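Sequence lines, in order, name chains A and B. Take the first sequence: its position 65, counting from 1, is numbered 64 in numbering that gives the first Met the number 0, and each next residue is one higher. Take the second sequence: its position 277, counting from 1, is numbered 276 in numbering that gives the first Met the number 0, and each next residue is one higher.
These aren't lab readings, by the way, just hints derived from the structure by calculation. Model, not experiment: these values are computed from the prediction. By construction, the Cβ of each residue, glycine as well, lies at the ideal position given by its N, Cα and C atoms. Hints may contain errors.
Unchecked claim - With the C-beta cut set under 8 Å, the calculated list includes, among others, these residues of chain A facing chain B:
(1) L15
(2) E24
(3) Y25
(4) V74
Stated by the list, open to error - A few chain B residues facing chain A, derived, Cβ under 8 Å:
(5) D37
(6) Q38
(7) T39
(8) H364
(9) A378
(10) T381
(11) G382
(12) M425
(13) L426
(14) S427
Stated by the list, open to error - Straight-line Cα separation of at most 35 Å, DSBU-like style, residue types lysine-lysine; simulated pairs:
(15) A:K22 to A:K137
(16) A:K22 to B:K43
(17) B:K284 to A:K48
(18) A:K32 to B:K158
(19) A:K22 to B:K409
(20) B:K409 to B:K43
(21) B:K424 to A:K46
(22) A:K125 to B:K43
(23) A:K46 to B:K260
(24) A:K125 to B:K424
(25) B:K158 to B:K284
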Amino acid sequence: MTINEAQDQIVDEFALFDDWSDKYEYIIDLGKKLPPLDDRHKKEENKIKGCQSTVWLHAEPKDDHLLFEADSEAVIVKGLASLLIRVLSDHSPEEIARANLSFIDRIGMGQHLAQTRSNGLASMVKQMKLYALAYQAKMSKP
Amino acid sequence: MLTAVQPTPGNLTADRLPKGEDLAFDVDKVRADFPILDQTIHGKPLVYFDNAATTQKPMAVIRALSSYYETINANIHRGIHTLAEKATAEYEATRETVRQFIHASLTEEVIFTRGTTEGINLVASTYGRQHVTRGGEVIISTMEHHSNIVPWQMLCEEKGATLRVMPIDENGDIVFEEYEKLLSEKTQFVAVVHVSNSLGTINPVKRIIAKAHEYGVKVLVDGAQAAAHLDVDVRDLDADFYVFSSHKLYGPTGIGILYGKKALLEAMPPYQGGGEMIKEVSFEKTTYNELPYKFEAGTPNIADTIALKTAIEYVTRLGKARVARHENELLRHATEALTEIPGLRIVGTAREKISVASFVIEGIHPQDIGIILDTQGVAVRTGHHCTQPLMKRFGLPGTTRASFAMYNTKEEINRLVTGLHKVLKMLS
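With the hints as extra help, turn the sequences into a complete structure.
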């Protein structure tokens, strides 16, 4: 599935919900289901700055793709991380760096969450793209 | 002024009201003065419990702001024309209103700042730089806001002095005996918060000041959270410096107060250079203006200062004792109702408290609580509340804080409780 296909799928899923409570119920569910990050990846350099809760984001190359894993002490942030992973994980660094994450606005999260620095959604996106750029640079070296 | 469990007499209880004064507090009438409260968030009526961060503004304050720009806007103090004179008179009238509000002796002891943070920085950069020296010590408390930690830390670093910290107990009260032990001939300054923003604790600042004065040490009181809730009397406290902000007192943002004893202010060097603060300028030498203008360089925040007067008049007219009584009832109701929630623990059960209920719920992160409550239309604050060392003291990443103001109601607290039950249902 391409990044945009995954985004469209999420938008369709969220279209089923009437209000924010239902949306969050779903996000909480995703958060609870996200596999916990291995303790060895919960290191300082994997911590995302600018969040009210601690968020860890781990990136690992697999063939020419990049895999993401994340964890947080707060369930909603974990659920949001789960959505980002679903969209961005297991794609090439070029695709990740280029991705236009329109689903955040389309499911209403942009307006609801991304404005404040406390929730970490914007920071997570930024960090995932930084990882992608770093791997891109690394792989383009002779 | 409540413990978490039982009410205790504070400094602003009903019995302090003049005899025969009506204690009735018409909260519906007060609410009607705050237009912002009349709205829905995610389809539910707004419950605003983030008052310790900033209070909402009554219509009178909003009108004072626009009226200033509509009728008398002019730069103050040196204009020869009528508008400048009118603006100057209004601006200086606020200074006198503030003087009365905090029971200071002299109008020139009231300095306008941008807010509490600037007031603290001003004192640290002027009085602090003059009096804190290598090997000296500055004492603060565990429950300080970052803005009453960092300026002193920077000063100590610059001077080679040491920052010492008054410990607090499990309830969130300063351990006074430990403070006494910290005081010595090395102590050069004490800076302490009047009321904790995270816990609601009312500190015994009068005793803290008296003890410091025994060592000839001056004291700054951070009154950001006190000004809207307590009757602040800087002379009774014998505070050397007292700082607070307008925006937590139903007034506009961007304007605050530094009170300082005249003799201290006079001996202090200016904080910033520029217009207004000078008497005469030549390229060889500048002589500084007299108090309070020495500390007010540049064109000040005229409109907000003028509207602050309206805010103070609004609070004064309602009667601080009457408001405090209402807020104490809210705190009592909230404390009882919150304690019923499974797994919830109140953080901050000091002997005397203002209307702040900080809490944690076992197994649920404060951020999740805050987000779900917002979907219910309930605005609270979550996180460390800019008091990271205090959170560390309690071993918490943060808390959820509901802070109540004059316009809040018991029904709104019930909405918070319902919201928390929803949080439990969704998250546990």
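Checked hints:
no. : hint             : verdict
1   : L15              : violated, 17 Å
2   : E24              : holds, 6 Å
3   : Y25              : violated, 11 Å
4   : V74              : holds, 5 Å
5   : D37              : violated, 21 Å
6   : Q38              : violated, 16 Å
7   : T39              : violated, 12 Å
8   : H364             : holds, 4 Å
9   : A378             : violated, 12 Å
10  : T381             : holds, 7 Å
11  : G382             : holds, 5 Å
12  : M425             : holds, 6 Å
13  : L426             : holds, 6 Å
14  : S427             : violated, 10 Å
15  : A:K22 to A:K137  : violated, 38 Å
16  : A:K22 to B:K43   : holds, 16 Å
17  : B:K284 to A:K48  : violated, 48 Å
18  : A:K32 to B:K158  : violated, 53 Å
19  : A:K22 to B:K409  : holds, 29 Å
20  : B:K409 to B:K43  : holds, 17 Å
21  : B:K424 to A:K46  : holds, 29 Å
22  : A:K125 to B:K43  : holds, 33 Å
23  : A:K46 to B:K260  : violated, 47 Å
24  : A:K125 to B:K424 : holds, 32 Å
25  : B:K158 to B:K284 : holds, 27 Å
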